[in-house]
Amino acid sequence: MATHAGGLTATRTVHVQRLVRRFENRTVLDGLDLDVGAGEFVALLGRSGSGKSTLLRALAGLDRDVVGSGTVDVPENSSVVFQDARLLPWQRVLPNVLLGLRGTDAVRRGQAALAEVGLAGRERAWPNELSGGEQQRVALARSLVSEPELLLADEPFGALDALTRIKMHGLLRELCARHRPAVLLVTHDVDEAITLADRVVVLDGGRIAVEVTIDLPAPRSHRQPQFLAYQELLLHALGVDQTEG
Amino acid sequence: MTASVLTRPRTAATIPSRKPRRRLGLGRPIPFGAAVGPVLLLTLWTVGSAVGWLDPRTLSAPWTVVTTAGDLIADGRLQENLTVSARRAGLGLAIGVLIGTVLALVAGLSRWGEAILDGPIQIKRAIPALALIPLLVLWLGIGEQMKVTTIALGVFVPVYIHTHNGLRSIDSRYVELGESLRLRPAEFIRRIVLPGALPGFLLGLRFAVVAAWLSLVVVEQINSTSGIGYMMDLAREYGQTDVIIVGLVLYGLLGLVSDGAVRLVQRKALSWRRTLAD
Numbered sequence: 001m002a003t004h005a006g007g008l009t010a011t012r013t014v015h016v017q018r019l020v021r022r023f024e025n026r027t028v029l030d031g032l033d034l035d036v037g038a039g040e041f042v043a044l045l046g047r048s049g050s051g052k053s054t055l056l057r058a059l060a061g062l063d064r065d066v067v068g069s070g071t072v073d074v075p076e077n078s079s080v081v082f083q084d085a086r087l088l089p090w091q092r093v094l095p096n097v098l099l100g101l102r103g104t105d106a107v108r109r110g111q112a113a114l115a116e117v118g119l120a121g122r123e124r125a126w127p128n129e130l131s132g133g134e135q136q137r138v139a140l141a142r143s144l145v146s147e148p149e150l151l152l153a154d155e156p157f158g159a160l161d162a163l164t165r166i167k168m169h170g171l172l173r174e175l176c177a178r179h180r181p182a183v184l185l186v187t188h189d190v191d192e193a194i195t196l197a198d199r200v201v202v203l204d205g206g207r208i209a210v211e212v213t214i215d216l217p218a219p220r221s222h223r224q225p226q227f228l229a230y231q232e233l234l235l236h237a238l239g240v241d242q243t244e245g
Numbered sequence: 001m002t003a004s005v006l007t008r009p010r011t012a013a014t015i016p017s018r019k020p021r022r023r024l025g026l027g028r029p030i031p032f033g034a035a036v037g038p039v040l041l042l043t044l045w046t047v048g049s050a051v052g053w054l055d056p057r058t059l060s061a062p063w064t065v066v067t068t069a070g071d072l073i074a075d076g077r078l079q080e081n082l083t084v085s086a087r088r089a090g091l092g093l094a095i096g097v098l099i100g101t102v103l104a105l106v107a108g109l110s111r112w113g114e115a116i117l118d119g120p121i122q123i124k125r126a127i128p129a130l131a132l133i134p135l136l137v138l139w140l141g142i143g144e145q146m147k148v149t150t151i152a153l154g155v156f157v158p159v160y161i162h163t164h165n166g167l168r169s170i171d172s173r174y175v176e177l178g179e180s181l182r183l184r185p186a187e188f189i190r191r192i193v194l195p196g197a198l199p200g201f202l203l204g205l206r207f208a209v210v211a212a213w214l215s216l217v218v219v220e221q222i223n224s225t226s227g228i229g230y231m232m233d234l235a236r237e238y239g240q241t242d243v244i245i246v247g248l249v250l251y252g253l254l255g256l257v258s259d260g261a262v263r264l265v266q267r268k269a270l271s272w273r274r275t276l277a278d
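In order, the protein sequence lines correspond to chains V and E.
Here the first sequence is numbered in full-length UniProt numbering, starting from 1 and rising by one per residue.
Here the second sequence is numbered in full-length UniProt numbering, starting from 1 and rising by one per residue.
These are calculated hints, taken from the structure and not from any lab test.
None of these values were measured; they are calculated from a predicted model.
Just so it is clear, CB atoms sit at the ideal spot from N, CA and C, and this is done for glycine as well.
Treat the hints with care, as some may be off.
As the list claims (entries may be wrong) - Okay, the calculated beta carbon distance ranges per label pair:
{"#": "1", "chain 1": "E", "residue 1": "94", "chain 2": "V", "residue 2": "67", "range": "19 to 29 angstroms"}
{"#": "2", "chain 1": "E", "residue 1": "179", "chain 2": "V", "residue 2": "240", "range": "30 to 40 angstroms"}
{"#": "3", "chain 1": "E", "residue 1": "169", "chain 2": "V", "residue 2": "67", "range": "23 to 33 angstroms"}
{"#": "4", "chain 1": "V", "residue 1": "174", "chain 2": "E", "residue 2": "179", "range": "23 to 33 angstroms"}
{"#": "5", "chain 1": "V", "residue 1": "240", "chain 2": "E", "residue 2": "19", "range": "22 to 32 angstroms"}
{"#": "6", "chain 1": "E", "residue 1": "94", "chain 2": "V", "residue 2": "69", "range": "34 to 44 angstroms"}
{"#": "7", "chain 1": "E", "residue 1": "138", "chain 2": "V", "residue 2": "67", "range": "41 to 51 angstroms"}
{"#": "8", "chain 1": "V", "residue 1": "22", "chain 2": "E", "residue 2": "115", "range": "26 to 36 angstroms"}
{"#": "9", "chain 1": "E", "residue 1": "113", "chain 2": "V", "residue 2": "12", "range": "21 to 31 angstroms"}
{"#": "10", "chain 1": "E", "residue 1": "87", "chain 2": "V", "residue 2": "67", "range": "54 to 64 angstroms"}
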């Protein structure tokens, strides 16, 4: 599926060109182009049904039986965080983190990854003994333990409560600063996109309709006037007219 | 609130004209409820034998059965036959479980495997293992081979059905997870498929254990020269009702104990599950 286009620049991690994806006779992605630089954090916004998840699945190589065409160039070493933590319920926390990890120091790396997400000492817990936020932190540890060049996240915080979500934003920012993977975060939450991303792209009509580089100093918050400007811009791009509400 | 209304005595003058609500549920469970029926049966049997309603030739008295069991143990016949029976059942069970599991894996993990295997096994399922005995006798004779084969044939079907079903009902999200983590096929089977199918397998195993004892009873009463079934068959010829009953009680106990053992394994192996029963 991943065809290797020649002449890639060293700083480009993801290269998508003229990507088309069709379901039944509905074209979900219609000639989409997207590049993500090394270490760049891109948030992907879009109305429901706009093809956000379709794009992410295409990048993750999880859409084998789908009709489509186009170039998708992603690093071999990429990992996925799903909306549900998707931990194997029959394995304890540490083996879940080690799933698919090879090498003699795998256990040590897994323990380190768990410590990084604040779950040191919970290695022998069962997934269903953990809270939703903790489960998602294990999933983050699992996706980062392989030191991926690309992290694909499909609404990873969508099922969490608002408070937990804010904590997870902090954690994700911290982890990304340390490991520097390129990130493509699918979300429906405009604030989440502005808080986390270097660049926000809005998907509409099967293509990238709007692209906004977020130039805000950390820590980002609603108190920053530009934050609200970005918010208005993106909400407008999503077809939400705030003056009506 | 409602409960106090229900339990208030009817005679009280203060009761409003409204009738108490009819209780539709079953109410509180009876303590040791599971033992009530068997104990009642045992009592009837004892009383019937003591009073003389039950002809000992029809049904021996419980105490006769106990003494007979004691005699059989004393001269070693019981242990001897039990060992032979247990070996047959165990061997048939082991072979059947192995075959059932392997077939379930092949049919569950490949479309071709399913296309080739599932149909014949469903057909086999419709034919009771015991109906195959005449053919098996022709093919394998009347020795141990035939007996173990019959048991294995009765065992592999439930193991196949439930393991296959367990495999197929593994959440596709875990398959996707395996793909996204680039698991190798062997890793995928070991970490996701086998543990995911384990609940189904263990359920199949419970049916399989019962099937093994069931087939054992039948094969041992046909052209056999050892085993509990043979002991009972011999007793029939001499009209020893008490020995037959000892055999029946033994079969019942074996079934109960082995089912209990599988359930214990089930609880241990599936401790990660939090279910309605917990």
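Comparing the hints with the structure gives:
no.: 1; hint: E:94 - V:67: 19 to 29 angstroms; verdict: violated (49 angstroms)
no.: 2; hint: E:179 - V:240: 30 to 40 angstroms; verdict: holds (35 angstroms)
no.: 3; hint: E:169 - V:67: 23 to 33 angstroms; verdict: holds (28 angstroms)
no.: 4; hint: V:174 - E:179: 23 to 33 angstroms; verdict: holds (28 angstroms)
no.: 5; hint: V:240 - E:19: 22 to 32 angstroms; verdict: violated (58 angstroms)
no.: 6; hint: E:94 - V:69: 34 to 44 angstroms; verdict: violated (53 angstroms)
no.: 7; hint: E:138 - V:67: 41 to 51 angstroms; verdict: violated (56 angstroms)
no.: 8; hint: V:22 - E:115: 26 to 36 angstroms; verdict: holds (29 angstroms)
no.: 9; hint: E:113 - V:12: 21 to 31 angstroms; verdict: violated (43 angstroms)
no.: 10; hint: E:87 - V:67: 54 to 64 angstroms; verdict: holds (59 angstroms)
Comparing the model with each numbered hint stated earlier shows that hints 1, 5, 6, 7 and 9 do not hold.
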